[in-house]
Every structure is written in C-alpha cells, then in structure tokens.
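Enquirer: Listed here are the chains, written in short residue letters.
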Amino acid sequence: MNFRYLKISLTEDFPTFRLIIAAFVTAFAVTVTVYKHIDLSDSVSASFSAPETIILTLTDMINRVFIFLPLYIFVISGAKSTDLGNTGVIMQRSRPGLVTLEIIKVLFYTLIFFVILLIIVLATSNAAFPQAEDFTRTFFGASSSYGISSDVLRGTPLTAVVNLFTSMFLTYFTIGIINMFLSFMLKEEAAFVLTVIIGILSEILITAYRIPLSLSACAVFILASFLLMNKKNL
Amino acid sequence: MKFVKITAVAAAIAVSAVLAAHFTREHINEVHEREKSLAEIILGNEAAAALENEAEKVEESLQTAVTEITTTVTEEPVETTTAVIPANTEVPEIPINTTASIEEEQENIVTDYQIGGLIDLNNPPENVISILALTSEQQALLSNYLIDHYFLDGFIFAQNEENPAVRERKYAAAEMESAAVQTVNMIMSTIDISNPMNIFNTDFADLIKKVTEIRVGFAANYGKESIEDDDLQKLYDGSIAYFDNLIASLEKINTAATDYKNSSNALLAASLAAKSLTETIIPESMNILEGSFDLVEASQPIFLENTVGHTLLTRDEVKAILSNPAYIIQ
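Going down the list, the sequences are from chains H and R.
Each residue of the first sequence is one higher than the one before, starting from 359 at the first, in my numbering.
Each residue of the second sequence is one higher than the one before, starting from 51 at the first, in my numbering.
One thing to keep in mind: the hints can contain errors.
Here are the simulated lysine-lysine pairs, DSS-like style, with alpha carbons at most 27 Å apart [claimed, not checked]:
id: 1; chain 1: R; residue 1: Lys-369; chain 2: H; residue 2: Lys-394
id: 2; chain 1: R; residue 1: Lys-55; chain 2: R; residue 2: Lys-107
id: 3; chain 1: H; residue 1: Lys-394; chain 2: R; residue 2: Lys-260
Examples of chain R residues lying across from chain H (beta carbon under 8 Å, computed) [as the list claims (entries may be wrong)]:
id: 4; residue: Ala-62
id: 5; residue: Ala-67
id: 6; residue: Leu-69
id: 7; residue: Phe-73
id: 8; residue: Arg-75
id: 9; residue: Leu-101
id: 10; residue: Glu-104
id: 11; residue: Ala-105
id: 12; residue: Ile-197
id: 13; residue: Met-336
Calculated from the structure, these hints are not laboratory results.
Every value quoted in this text rests on a predicted model; they were computed, and no experiment measured them.
Using N, Cα and C, we set each Cβ at its ideal position, and we do this for glycine too.
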C-alpha cells in the first residue's frame, strides 16, 4: 500500500463543493425535523430531551431514506477516482491495492459525513431541548407512534444515540462500498442512481424486518473486496 | 490548496450548525409566545393523556417483557373537560354582582348575570398544576366548575324555571344544544386518540352519514319553533352552521384518511400521514371544537334568562383554567 499516493488521492479528490452542499442540506433537514418535535412537545405541554430529539431525527424514515442517504452517495461519488488502468494502479502497484485505497477513501469520507451530521444534529437538538440522563414520559408515549423498538428504550438515551450512529454508519459505509464497485463498472451517474435504489431497498429491509443488515452486508462486501483483490484479472 | 479546501468545508459546517441552532431557538420563542385557542388546549390535554397511557404501557412491557399488556383507563375526568356533556349538578348560589339588569315589565322577567371576573388573568397563581396530576376529586371539581360557569346544564336550568314560557324556551335550547353535544360525543368515542394513526382507520363515511341524519332531524324538529324568538333563532342558525361545518370538516378528514389508506408505497404513506395530520386533521378537529364553543356561548343567554346572580367565565378564562387548574384548585 502506497500511503503517499493515498494522501495525494485524498487531497486531489476531496469533494469540497459536495461537502459544503451536504452541510447546508443536512442543517435544513434537521432543523425542519426538530421544528416538528418542538411543535409536538408544545401541543402536549411536555418536552423531549436533546438525545431523544437526536434519536427521533435519525430514525425519521423520510430523513434517512430521501435526504441523508442520497446526500451521502452524492458526497461519496464525488470523491472517487475511477480509473483502474491508469495512475492509481501504477502507484499502488496492483489493482487490489487500488481497491483497498478506494475502500479507505470511502471510510474516510463516510467519517467526514457523519461528523457533519453529528455536529449539526447536536447543535440543533441542544438548542431546542435540555439534556437528560433518562428517557422522558413523552418519548415513552410517542415511541410506538414513531416506530421505535422497545430495545432502544432499555438503555440510556446516550447509549441509544451511540448505537444508532454506529448502525447508521455501518449501513452507509456498506452502501458507499457498493457505490465504489458500481462506479468501476458503470458511469458515475448510473452508479449513483443504482446505489440510491439499492440504498433505499436496504433501509426498508432494515426498518421493516429489523435485521442487522448493515453488519452482515458490510462483512459480505468487505470480504468481496478482498476476494477481488486476489483476482488476477479484473 | 488542501488547507483552503478543508477550511472551506469546516466553515460551511460551522455556519450551517450556527444557523440551524439560531432558527431553532427562534422557533421555540415563537411557539412559547403564541397564544393557544381553547380547542388547542383541550386537544393538547387529550393528547397528553393519551401519551401518558402509552408511556405506562411501554413501561409495563419493558418491566414484564410481555408483548400483550392491558391497562386500565383512568382518565374519565379528563374526558369531561373536553366534551360538552351536561352533568347532573345543582346550580350554585353566587353572590349578586352589580351589572346591567334587563326587565321585561309585561312578563316580570328579571335577568341579571355577569360575564367574566371569576378569576384574575392578570394575576396568575404562583404554582402550576397539570391536569394529568389532578386527583379524581379535583378533576370532578374542575369539571363541575366549568359546567356551572361556562358549559351550563340547560336541562337543569329548564327544570328550575318557574315561568312556563321561559321554561319552554330553555327546554328547546337545551334540546338543540344536546344535538350538537351528541355529535361531539360521537366523534370522541369513534376516534381513538390513544394512537393518532388509528384516525386513518376510522370509518368516517359512517360518521358523516350519522351526523347528516342528526342535522336533517334537527332542521325538521326545530326549524319552525325558533322563527318567533331571536335568541332561539340565533341558536338554531348557529347549530345549523355548526353541523354544516362539522360535515365539511369530516369530509376533509375522510379524504385525507382515504388517501393514506389507498397509498401503496409504505414510505410515501408515512409522509402523507404526517402531512395529513398537521395540515388537515388537527386544524379541522380544532375547527369543530371551536364551533361547539360558539354554540355554548349562544345558548348561555337563553339558559340564564330569568336568573339572577350567575357569573360566567369568558373563553379566555376557560383556556387559562384548563392550562393551569391552580386558578381554582389550591
């Protein structure tokens, strides 16, 4: 692995414009969602806590599937170098090395995306509601309407937030790797559209069947990428 | 160059986070300063009670790890604060206040009542009590107080009336009002608010049919009687307008519920449900409740005719009491 080339690649392919757009769109979406929770808590004269607002924002299907997911794929697809037969291969000395590099880049930009998401969600939730160590009665009462499983309610709000972020990170990372493989085979636009469709289907399966698809799919695709690395002809 | 890129992204993140927090704080201030209507307060209390029930269910399921948990509903006194249900209460003796009196020399009818002044809105109580925190006795006290001073039990006033002509008018007004109360009770019992999503599964077509039948019966029974009497005519016209408004609101809610049920895409259905609840169902429900309060206030002069010394609450005072029962409960 040529780490010098990795550093150059990260710099050259840095999707500045796309990350800026992602920041503003995420802020808008999160603000609109938090507005809804403010209105709900006012109408019942009760209040959520900041961690609960984060949970409700991140479990909102409209946000996850139609806003954050396409936005993430938009960022990831702008950070890729798709030339398999050119400089990258030469610098990495092998195609498997290039694939490894691309996976590391996907991981890197997924981390950046989630840092953006975390900062904005924290800023907005803490501006709206206070911190709390336990779940509020309002959240308990509203959990079934929001489709939140009782497993979430067993721990503290902080552990629920951490689990949620971890699960979402793994899911999006998996989808990012799918996008990476598709963009090797197809044009960027086609890979983008196909990845969004696959991502939406994955989210539905995870939400409807509550299968930890993110973990298993992540493992499958990482395994597939290592198998690909060992293939002589790509 | 890479430093510029990183700085640009970091600046965008900071600006978007600051803007999001700023607009959120502004919205909170706006929401807290907004004056709620009486219907919003009543619906809000109903929703809070429903959430409390759901919270108890969730807590029990977590403790016992049993999926099917039954809970007892103990919120009957809260229901009485939301529906205009005449209760069997005595009209209390209230000290006479000096107001303008109306005397009709031919029939020797003296009407003397005051509107407002029972509580001081400019001097709210120091403590705040939630309706959900009231005991059964306190909830009964609150309910009776509101009925005695706002909703009024028309049949009790009619029974206690000695003048035959006035008694007939009061009975007519009480019957007219009870038709409207019947529709409010029908709606409250049909729509299960313990889970707002159940609203989309309610059979609104049947509800609309029943309300329409009540309206037709009402027009047939009372159309002739009220022509000679201005107050009863006003109550009759107000009732007809209320029924028409109710049917129109139920039609809109029915359309929203049907669109949701016919939506085959689970994801779009969820956004449609949220949009329908916010833009149609909640505003139309508040519209229905506000209409019923207009009727209550139109019937008050009739029920209080030939009575002396009664004091009524204004709608703002009722709102204040429902927001904080500490105004009347210590």
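Enquirer: Which of the listed hints are not met by the structure?
Expert: Failing hints, ascending: 2, 3, 12 and 13.
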